[in-house]
Amino acid sequence: MRLIATPFIVATTATSAFAAEGGFPPFDSHTFAGQIFWLVITFGLLYVLMSKVALPRIGSILEERQGTIDTALAAASKAQTAAEAEAAALEQALVKAKTNAQAIASEASAKSAKEIDAKRHAVESDLSAKMVAAEASITATKAKAMANVTDIAKEAASAMIERLTGKAPTAAAVGKAFSAASGE
Amino acid sequence: MASGNEIDPMHQFEINKIVDLHFLGHDISFTNSSLWMVIVVAVVSLITLVGTSSRSIVPGRLQTLAEMAYEFVANLLTGVTGKEGMRFFPLVFSLFMFVLTANFLGLIPGAFTVTSHIIITACFALLVIGTVIVAGVANHGSHFLHLFVPSGLPGWLLPFIVLIEIISFLSRPISLALRLFGNMLAGHVALKLFGAFTVGLLGAGAASVLAPLPLITAVALTALEFLVAFLQAYVFTILTCVYLNDALHPGH
Chain A
1 MRLIATPFIV ATTATSAFAA EGGFPPFDSH TFAGQIFWLV ITFGLLYVLM
51 SKVALPRIGS ILEERQGTID TALAAASKAQ TAAEAEAAAL EQALVKAKTN
101 AQAIASEASA KSAKEIDAKR HAVESDLSAK MVAAEASITA TKAKAMANVT
151 DIAKEAASAM IERLTGKAPT AAAVGKAFSA ASGE
Chain B
1001 MASGNEIDPM HQFEINKIVD LHFLGHDISF TNSSLWMVIV VAVVSLITLV
1051 GTSSRSIVPG RLQTLAEMAY EFVANLLTGV TGKEGMRFFP LVFSLFMFVL
1101 TANFLGLIPG AFTVTSHIII TACFALLVIG TVIVAGVANH GSHFLHLFVP
1151 SGLPGWLLPF IVLIEIISFL SRPISLALRL FGNMLAGHVA LKLFGAFTVG
1201 LLGAGAASVL APLPLITAVA LTALEFLVAF LQAYVFTILT CVYLNDALHP
1251 GH
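As they're listed, the protein sequences go chains A and B. For the first sequence, the numbering used here gives the first residue as 1, with consecutive numbering after it. For the second sequence, the numbering used here gives the first residue as 1001, with consecutive numbering after it.
Bear in mind the hints are in silico, worked out from the structure with no lab data behind them. Just so you know, not all the hints are guaranteed correct.
[What the hints assert, rightly or not] Using 20 Å as the maximum straight-line C-alpha spacing, the simulated DMTMM-like pairs for lysine to aspartate or glutamate come out as follows: (1) A:K176 x A:E162; (2) A:K144 x A:E155; (3) A:K52 x B:E1084; (4) B:K1083 x A:E63; (5) A:K114 x A:D126; (6) A:K52 x B:E1071.
[What the hints assert, rightly or not] Cβ pair distances, simulated, as ranges: (7) A:K78 x B:I1174: 53 to 61 Å; (8) A:V40 x B:V1050: 22 to 30 Å; (9) B:I1174 x A:L45: 23 to 31 Å; (10) B:G1025 x A:L62: 44 to 52 Å.
[Claimed, not checked] Not the full set, but computed from the structure, chain B residues with beta-carbon under 7 Å of chain A: (11) M1010; (12) F1013; (13) E1014; (14) S1029; (15) M1037; (16) H1117; (17) H1249.
Since we're looking at a predicted model, the values are computed, not measured. From the three backbone atoms N, C-alpha and C, an ideal C-beta is built for every residue, glycine too.
Make a model of the complete structure from these sequences and hints.
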């Protein structure tokens, strides 16, 4: 080390190496002061840049992004809740409409069953009335037929008597005999 | 030193002056080492300052890189020391980025590896341990000394334990400095040796058919060195966090 009058001397020399002094470079103590000096300057600068500018900036970017994401997530979950509520309302409306439809359907079927019942009753009473009429007509026809049978029997009886006796009985006599036989 | 055609793996660690500078009798010349320190700061600034200048919500490449580094170191620090450790975040982040970038840039062929010099790693180690002591005393006063006195020990054992704790504390900066320095140095020496071996074999007539073997080794070593470059920066950082944790929470 030479003593120098001025505290600071700059001399640009063509790449003069410490290595010329020989030895293992990392243990060459001549280079220590210079390395420490430049490390303090460069690392100090890096520290200042990082702590004053870069890290606060990155931190705020990350925070802002987190904020954006949180806001978006909150909005999304809100929208989802709203959609779910809407879906529930829709479901309820559907259930209500179904119940309504069922009520209307059962009412309609009850009504139509009543109508059919009434119609059937009407038809049935009509039929039974016709049956009664038919039975009455059968009875009348039967009585008429029976009367005819009496006439035919009277005629046959008078014809048989005429054959046997050669003389036709009077209608009154036949009638008298018939009523005597049937009256007993 | 070896000269001529012989392999000289130490050549890459030589410090050459670019601008001769003297201050109060100290040689503070701007050297290749200084140049690479400046480049390291420039690269880190490019990533963390230029990359984030747009402050976009959807980040670009550089901003993604800066954010990844930020969150990586922040998670590391809070994982070890808890929330209160974030006070040291700028220091830990600067350390990590400087060491990582210096390690990676050193892998560029022809580049100078700043962290392959023990004085640099020693300065970082002293910075860390100095911060631990200052912060520890500032936070806890004399209570910080409880770091060396584990509670619940029988009295006769105390002197031994305290001695061991003090030795362990003092060896921290030494191991911190030597680990990074040794890893960077050894890796670069090995790379240089295998590279030179390949070149040597190529010029050795019939033996040149064997040249691919050290070449393959050199390629594999390069990959390994990339891992080591990251790993050593990571180890340096996490140990820094562990030591800072002592300053925040002394006593076992």
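These are the hints, each one checked on the structure:
no., hint, verdict
1, A:K176 x A:E162, "17 Å, holds"
2, A:K144 x A:E155, "17 Å, holds"
3, A:K52 x B:E1084, "19 Å, holds"
4, B:K1083 x A:E63, "16 Å, holds"
5, A:K114 x A:D126, "18 Å, holds"
6, A:K52 x B:E1071, "17 Å, holds"
7, A:K78 x B:I1174: 53 to 61 Å, "58 Å, holds"
8, A:V40 x B:V1050: 22 to 30 Å, "24 Å, holds"
9, B:I1174 x A:L45: 23 to 31 Å, "27 Å, holds"
10, B:G1025 x A:L62: 44 to 52 Å, "48 Å, holds"
11, M1010, "6 Å, holds"
12, F1013, "4 Å, holds"
13, E1014, "4 Å, holds"
14, S1029, "5 Å, holds"
15, M1037, "4 Å, holds"
16, H1117, "5 Å, holds"
17, H1249, "23 Å, violated"
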